[in-house]
Amino acid sequence: MKIAVTTSGLNLAAPLDSRFGRAARFLVYDTDSKDFMIIDNNQNLNAAQGAGIQAAQNVAATGANAVISGHCGPKAFRVLQAAGIAVYNCEAATVKEAIDLLEAGKIQPASDADVEGHW
Amino acid sequence: MKIAIASGKGGTGKTTVAVNLAWYLADRSRKVQYIDCDVEEPNGHFFLSPYLNEKADACVMVPVVDQQKCSSCGECVKKCQFNAIARLPGNTLIFPELCHGCGLCVLVCPNKALSEGERTIGYVETGMGWGGVQFAHGVLNVGEPMPNPLIRQVKHRGLEDHVCIIDAPPGTSCPFVETISDADLVILVTEPTPFGLHDLKISVDVALARGKQICVVVNRENGPFTPLNEYLAVNKLKVLARLPEDRRVAEAYSTGEILVQAMPEYAVHFEAIADAVIGMMNNCSREVRP
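In order, the protein sequence lines correspond to chains F and L.
Going by our numbering, the first sequence opens with residue 7, and the numbers climb by one from there.
Going by our numbering, the second sequence opens with residue 218, and the numbers climb by one from there.
Bound conformation, chain F alone (with noise of 0.2 angstroms):
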C-alpha cells in the first residue's frame, strides 16, 4: 500500500503539514518496500484557487491508496473519493507517527471533508 503524507519537511520525521492542497509537499511512502519518495507542491502553494483540486490529482498519479494529512477540504476530498483513495485526518506530529497509527489501525477514514474550502 503507497500512503501520501502532508509534510513541510523532507523525511519520516518532518513535521506532518496540517494542510492538504497547500502543503509544503507529499511524502508518499511504500508500506511494502518501506521506501518513499517526495512530490513538491509548491505550484499548488501558490495557487489562486484550486489548489486542493490539483494536488490531489498529483497524489492520485502516484497511485497512493490513501492520504494522511490535518484536514481536507470538500474539493479535494471529492478529487480523492474518486480515485478511491482513502483520506485519514490526523494530528500526528510527525510523517512517521502518523503512518505508524494508520498501519495500527488506530485512524479511521474520513467519510466527508472535515473543513470548509479556504480553512
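Worth flagging that the hints you see were computed from the coordinates, not collected in a lab.
Owing to the predicted nature of the structure, the values given are computational and were not obtained by experimental measurement.
C-beta: ideal position from N, C-alpha, C; glycine also.
Incorrect hints may appear among the rest.
[Unchecked claim] The calculated label-pair distances, taken between Cβ atoms and stated as ranges, are:
id, chain 1, residue 1, chain 2, residue 2, range
1, F, Ala99, L, Asn328, 42 to 50 angstroms
2, L, Pro362, F, Asn48, 18 to 26 angstroms
3, L, Gly360, F, Gly15, 36 to 44 angstroms
4, F, Ser24, L, Glu258, 33 to 41 angstroms
5, F, Ala99, L, Glu333, 46 to 54 angstroms
6, F, Val121, L, Asn358, 20 to 28 angstroms
7, F, Asn48, L, Pro313, 24 to 32 angstroms
8, L, His415, F, Met7, 50 to 58 angstroms
9, L, Glu333, F, Val121, 27 to 35 angstroms
10, F, Val121, L, Leu324, 34 to 42 angstroms
11, F, Pro21, L, His415, 37 to 45 angstroms
With chain F fixed as given, assemble chain L onto it according to the hints.
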C-alpha cells in the same frame, strides 16, 4: 451616453446619487435608464419601485465531459488557468464554481470530449420605474463567487437612445472595472473622511488607468475636510456637487424615498450634476457630428 456612478468605499451614496440623477433627468424630459450593476446587493429598486415585466436567467458557460470520448490526456487540465478541472484515469472532474467560462478547455480537447454547458448564476430584470425611468438590474445568486458575467449581461440591457445611469458595486477590483469599462463618464461619490479619501484615490487611479473621464460628487459634507480638497485640487478633479450632511437625508433613504422629492432643497445639487452631464453629452454629439 453611459455614466457610471462609483465610489470605492461602500456607503458613500452611489445609489442616492444614481437614483436621484436618473429621476431628475427624467423629470427634465430626458430619456433615462437606471442600470443597477451592484448585483451582489442591488437596491435601486427600493427607490425607483419599478414595474418589472421581464425576467431572464443569467447563465455562464461550463464545460461538460463526455467520459466515453475522454482519453484522460490532461490537455484541458494543463490549459485551465483556474484549476477547475482534475484528471483521474478514466474520469475527468469539472468544478463549475471555479470555472470562469473561458471555453479554452473545449477548444483544446483533441477528442472533442468537452462541450459547452450552462450554469445559472443569477437573473436580470427589466421594467419601468418611477417618473418614467427605464430600469434594469441583476441579482447574483447567494454564494456565487463571480459577478462579472452577470454585470456584463445587465449592461447588455442598456438602451442606446437613453442616458444610462449605471450604479456600480463598491470596491475597486474586477466588478468595478467591468462596470465602468464602457462608461463615457465616471462620477465618483466620496465622503469627506480619511476612509472616503483613501478609497477615492484608488478609484481615481483605476478609472484613469482605464482611460476614463472622471468627476467627483462629495456627499455628506460637514465643514471643510482639507486633505480631500487638496487632493481634488492637485489632481484637477472636477467636483459636480457637494451634498451637505443632514440626518433627514438618511431618514428619507431609510424609507426608500427619492431625495429630491422628499427634500426639494437638494434638487439644486442634482441640477448641477445634470447640467454637467448634459453639457458633456452635447460636446460628445458635436464631436460625432462636426
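Hints and how they fare:
| no. | hint | result |
| --- | --- | --- |
| 1 | Ala99/F with Asn328/L: 42 to 50 angstroms | 47 angstroms, holds |
| 2 | Pro362/L with Asn48/F: 18 to 26 angstroms | 25 angstroms, holds |
| 3 | Gly360/L with Gly15/F: 36 to 44 angstroms | 37 angstroms, holds |
| 4 | Ser24/F with Glu258/L: 33 to 41 angstroms | 35 angstroms, holds |
| 5 | Ala99/F with Glu333/L: 46 to 54 angstroms | 49 angstroms, holds |
| 6 | Val121/F with Asn358/L: 20 to 28 angstroms | 24 angstroms, holds |
| 7 | Asn48/F with Pro313/L: 24 to 32 angstroms | 27 angstroms, holds |
| 8 | His415/L with Met7/F: 50 to 58 angstroms | 56 angstroms, holds |
| 9 | Glu333/L with Val121/F: 27 to 35 angstroms | 33 angstroms, holds |
| 10 | Val121/F with Leu324/L: 34 to 42 angstroms | 35 angstroms, holds |
| 11 | Pro21/F with His415/L: 37 to 45 angstroms | 41 angstroms, holds |
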